[in-house]
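Asks: Protein sequences appear in the order of chains E and H.
Just so it is clear: in the first sequence, position 184 is 184 by our numbering, and no numbers are missing.
Just so it is clear: in the second sequence, position 171 is 171 by our numbering, and no numbers are missing.
Keep in mind that the hints are not guaranteed to be accurate.
[To be verified] Across the chosen pairs, the derived CB separations fall in these ranges:
| hint | chain 1 | residue 1 | chain 2 | residue 2 | range |
| --- | --- | --- | --- | --- | --- |
| 1 | E | T10 | H | A167 | 33 to 43 Å |
| 2 | H | K67 | E | R253 | 46 to 56 Å |
| 3 | H | A167 | E | R423 | 15 to 25 Å |
It should be emphasised that the hints constitute simulated quantities derived from the structure, not laboratory data.
All residues carry an ideal CB built from backbone N, CA and C; glycine is no exception.
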Amino acid sequence: MSSVIKDIYTTDAARQWAIFDALKTSPKNRDFDVIIIGTGAGGGFTADILSKAGLSVALIESGPLQSSNDFNMNEQQAYQSLYQEGGSRTTEDGAISVLQGRAVGGTTVINWTSCFRTPPQTLTYWQDQFGLAELDSTTMSSWFDYVEQRLGILPWQGQPNRNNAILQSGCQRLGYSSNIIARNVRGCWNLGFCGTGCPTNAKQSMLVSTLPQALERGASLIYNCEAHKILWQDDQVTGVECHPANGDHQSSRFKLHARHVVLAAGAIGSPAILLRSSIPDPHQRIGRRTFLHPVSASFALFEEAVEGFYGAPQSIYSDHFQWPADQQIGYKLEVPPLQPMLATGLLKGFGQQHRQLMQQLPYLQCTIALHRDGFHPQSPGGQVKLRADGSPVLNYPTTQYLWDGVKQSLTTMARIQFAAGARSVIPSHSGAQLKKSLQATLQQLNQLNWQPHQALLGSAHVMGGCGMSAKPESGVVNHWGEHFFLENLSVIDGSCFPTSIGANPQLSIYALACRQAAHLSAKLGKPITLIDNDKTTQASERQGFALTQSI
Amino acid sequence: MMNKNNQGRRHFLKLGIIGSFTLATAGTLIPFFSRQLANPAPNYKVLRAHDIDFFHCITPVIVGLGKYQPHSDMETFFKALDDKLGYLTDSIKHQLQQIIDLFTAPATKGLLTGKFNGNWQTFDYENVEQLWGNWQTSRWSVLQQASSAISQLVLIVWYSLAEHWPAINYPGPLFTEQLVTRPNNF
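Okay, chain E solo, but in the shape it has when bound:
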């Protein structure tokens, strides 16, 4: 029971940090320059930058504080304690399982470490459709450079595990493009358990990078603490009303006050807080256009062992079908880790066929397709709503446009798997059978019913709901993440994206958060220089910001 890894949160330095478990205590100091709701990709970098600039910061996190000593490669413990709704979050009709983190560090604690810059096509679409001319590739590239250096993001240097290598080999044989995934790791042990919290601190999540830095500078962290609503009057935010994440909410509520509030509770979480707070929303944009990168999955059996449960979970991807010339939905191809719990969650069906497949787990390969939603009128995304108890739920209708894409992506994945030498292939669908030839697989795909609950749809990327736009008619915040109607409220997280990203979103959130936080820091009278970016300065000047506010 002794680890060779030092847990950052048990060090002597950490004992001095202002960390509060809301189930047991709350801070005496209740006034801050900035309150940040959420400690994931957006909140982590925002806290780091604002505290570095000299601002007093409080971080509110609804999830628990767990660190490397708690991360024991135990799927059962991890999914129920580190994921939203005990790992059982779904869309309102139960059709799409949503894996989303709920812990200090947010989803960055349990993601699979894949890093991609926001595709230029996505930024162009935002410029064309939402007037976000400031977020061009040139401006953003300096922020990507900054984050990549900060988190050690590099293309994976090791050999891809066989699960990934099969995707690579199938693509090569068919002439489809593929490439190596960049990962935010330092000294990775190649265990394969990124999804249950990194036990070696190799993953450069917010838990081990930005948050310790912010805490060292005096930031306060209150975890197991639900931000019930934002307090506001006229056009000003005054603070946040909170309560412990469990227990008697009414009697244990307390208020924190600040000059500025940053909402970084993630897509679903951030719009939910705005809705609970009855924030002005004359154009009814809050919670709308929420996206998921809906995922389909294709399993294949191989003669030689695949052992998809070991090794860096994601090291190869293909964007060959990401930007089709026609109007069909594009998709990115990747693979998931295949530990038993996740593998069975991805494999639709039940009974003896399911059992026989699980018995061959070491020989199973799985390829997934992440569909790029939000770029077409028939892909409007979902809407975050509040249940009667105030908790959020995402209504996400599955359109025919999406099902056409799912059928197409399953066809592509079967081609790749057979090209790589699969003995048999089965799409994740409750009515599907294992087929030994591509022809039989394609025939089956034509015969199956494509509707919710029968075909697997999952998601590990929730985006949107508080989208950026040049105009309040089509978004919740401007390109700086500033709310259109409340002066001292910002939204800095994945909920700001006006569409899905078309790639695993963590690096997009990090880079945008750095840009927004640096801007906010200057706005609060504490300018900070993080990058040497003339383009950004010029963009700021065009917007009429004083030079001292530029970065």
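Given chain E, put chain H in place with the hints provided.
Replies: Coordinates of chain H only, in the frame set by chain E:
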């Protein structure tokens, strides 16, 4: 084979028509039936006695253990399931319990399964297997959703348990001696 399928379909359609009544009135019936059965069973945090009976019957079918397997020792599974349910939000927990009430309360169980006498534990393995298969593709989205969600819940809890890993040839995580530690439990 064709004849058997047709028979199954006719039986299923009949259930479907009855099911529409059942589901439409479930909201009023369920509280009545579940009122006396709301408390967790002894030594459990969430699972009620009739939940355990229900899962005892359907788990071997969902996992695909076959009817000749001994299923008596499922204590570890029920404890893990109970633990998992404890992490669900109240609204999801409530929805799940309502669905189980729908499946187990005598009148609604009879309407949905065609068997009014006896509880789930008296059902044959094959009957449950056929019923569950029908529900996966039912015209009634509530049955599809319920059977799909319960299947996934059972399977992920089942395979999360190390005692079930040898059966699927999963050797477990690497470097456990160096990396598995006493949790902080902050």
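Asks: With respect to the beta-carbon atoms only, verify the hint that H:K67 and E:R253 lie 46 to 56 Å apart.
Replies: 54 Å, holds
Asks: Quick check: does the Cβ-Cβ distance between H:A167 and E:R423 fall within 15 to 25 Å?
Replies: Between H:A167 and E:R423, where Cβ atoms are some 21 Å apart, the hint holds.
Asks: If I claimed the Cβ atoms of E:T10 and H:A167 lie 33 to 43 Å apart, would that claim hold in this structure?
Replies: The hint (33 to 43 Å, Cβ to Cβ) holds, given that E:T10 and H:A167 are roughly 37 Å apart.
Of the numbered hints listed earlier, not one is contradicted by the structure.
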